[in-house]
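A.B. asks: Construct all of the structure, not just a fragment, from the sequences and the given hints.
Protein chains in written order, with this note's numbering: chain H, 1 to 175; chain D, 1 to 426.
By construction, these hints were calculated from the structure, which means they are not laboratory data. Cβ coordinates follow ideal geometry from the N, Cα and C atoms, glycine included. Heads up, some of the hints might be wrong.
[What the hints assert, rightly or not] Some chain H residues close to chain D (C-beta under 10 Å, calculated; not the full set): (1) Pro23; (2) Val79; (3) Ser94; (4) Lys147; (5) Phe152; (6) Gln160; (7) Gly166.
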Amino acid sequence: MRQFGGPAILLDRNDINTDEIIPAKYLTEITKIALRPHLLEDLLVDGKPFDHESEAMRKAKVVVARENFGCGSSREHAVWAFEVNDKDVIVASSFARIFRQNMFNCGILAVELKPEEIDQLFAMKGDMTISINLEKSLLLAETASEKKEFSFAMNSFDRQLVEAGGWLAYADSKY
Amino acid sequence: MGKTIAEKIFDAHLREQVSAENMVLDLDVVLCHEITTPIAIMDLIEKGMDKVFDPTKIKAVIDHVTPAKDSKTAMQGKIMREWAKRHKIKDFFDIGANGVCHALFPEKGFIRPGYTVIMGDSHTCTHGAFGAFAAGIGTTDLEVGMYKGVCSFRAPKTIKIEVEGELGTRVAAKDVILSIIKQLTVNGATDRVIEFSGPTIDTMNMAERMTLCNMAVEAGGTCGICQPDRTTAEYLWPFIQDDYATLDAAVEDFQRWCSDADAEYAKVIKINVADLTPMVTHGYKPDQVKPVAEMAGTKVDQVYIGSCTNGRIEDLRAAAEILKGKKIAEGIRAIVTPATPLTYTMALKEGLIAIFMDAGFCVLNPTCGACLGMSAGVLAEGEVCASTTNRNFNGRMGKGGMVHLMSPWTAAATAVKGVITDPREI
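C.D. replies: Structure below.
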């Protein structure tokens, strides 16, 4: 099965919405790759514009935020914007339904941890790497000085979608 | 144990139970628009899956940016047109016949009680007003829906909102739903269906019910839903009269979908709206809601009346009632977008368009336009818009803009005064 994980970037926000992830003005694109420069372009963190072009952002393969991640519009462009930037794991304490479903439909991961576990991730100091053990449903977060492991629940259907490489491939073979 | 309306619809459409939680459902209607569909079409072509499961069950419209504003939007339209032609999709609404999807499709009679409906648009929950299960989905779900006629959902858990009390003067369905979202919060209904019931809902017309269901997603809800009744049957009658001997027979038949008295709910919330006052959002989240009185005097640069939330004829009538014989305040600009060609025609015949134009409004063709900041009324940095739409996210109507959501009555009153104004004071 595909491996998931890598350098993580932490966004200290609830309710990151799809307009912040990819503004509607880019929805006229008909290729996914065209979305690449615009990921999180309109995000505010602590009320200030987020530097979406930073080195940490460029390197990250995992994004961590707080609750209700991906609320708002149904645009799968929000998921693709992460995907084409090589970010294929989002960790949050909860997701909006459509965003979560879009992630698994693309065969990539929306991992839910408990709010207190998310707090522990935010409390860790220094550059973080997160690796995912899908077989055991474990998330390992490491910094230079700390290591923490959390188990997460994964619905069996979502797991099948990831294994199949997404919902289209799954549905095509089955229905 | 009885069942909710959503559970009954799921039971009737179950293709496969794929896990303890997930069900794959057969779809009655797949709705399409030019923002999320072309990229699905291109992907299906690339994968050799450019087929549709049933062209009569696919309904498509160009509505978000229409007429096209640039080469990219023109290409989105072109891909839709060629696809509709290729697959003989008869219900395709192009320029001249197009309107905002969630206003146009109900008007065409495409949504019926007990239906399963998907669209690559989060406000698809609007169609639950007809007693259908209607949910917004992403492009991959849309691709599978178009190609195979199925979609997966988690088993529906329902929050029932029982609404009683008579709405006061110039207090609208919009004020009711804003107050409900305030109470539920932006994720209070995630993975839940929101069932609106009670005497206040029973007396609401279909436009009001659509306004309620439209914003279910702003509380995270999968679908808003109302019990189908005589009001539903009367609205649909032109489209169903060949299927039923009498209107009573249709009403009776619709009953089979209605929630049982002993159905189980995740939560039941009772509200009384008798003392509700006009409401408005502040901030960047739709659950940041206050009485208009507390925001009164806030200066606006633009007023926008339209959208799938409040661009129907009933909404235009409400706004025009306030605007008749008045002018918009100096220094502001105002835009009205009738949601569909039929709405536009009716507004012309009823003299509403003249009222808007005399007041100083710009009247646009039916389009989603400025609601999501894609065209026709985008805000400049630092500008404020009083809007009858559904989302006040940061940057929604233009980067650096602030959106205050409100009813058509409140938006019209605000246009006249140039500052957020309680419509009962005009």
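A.B. asks: Which earlier hints turn out false for this structure, listed by number in ascending order?
C.D. replies: 4 and 5
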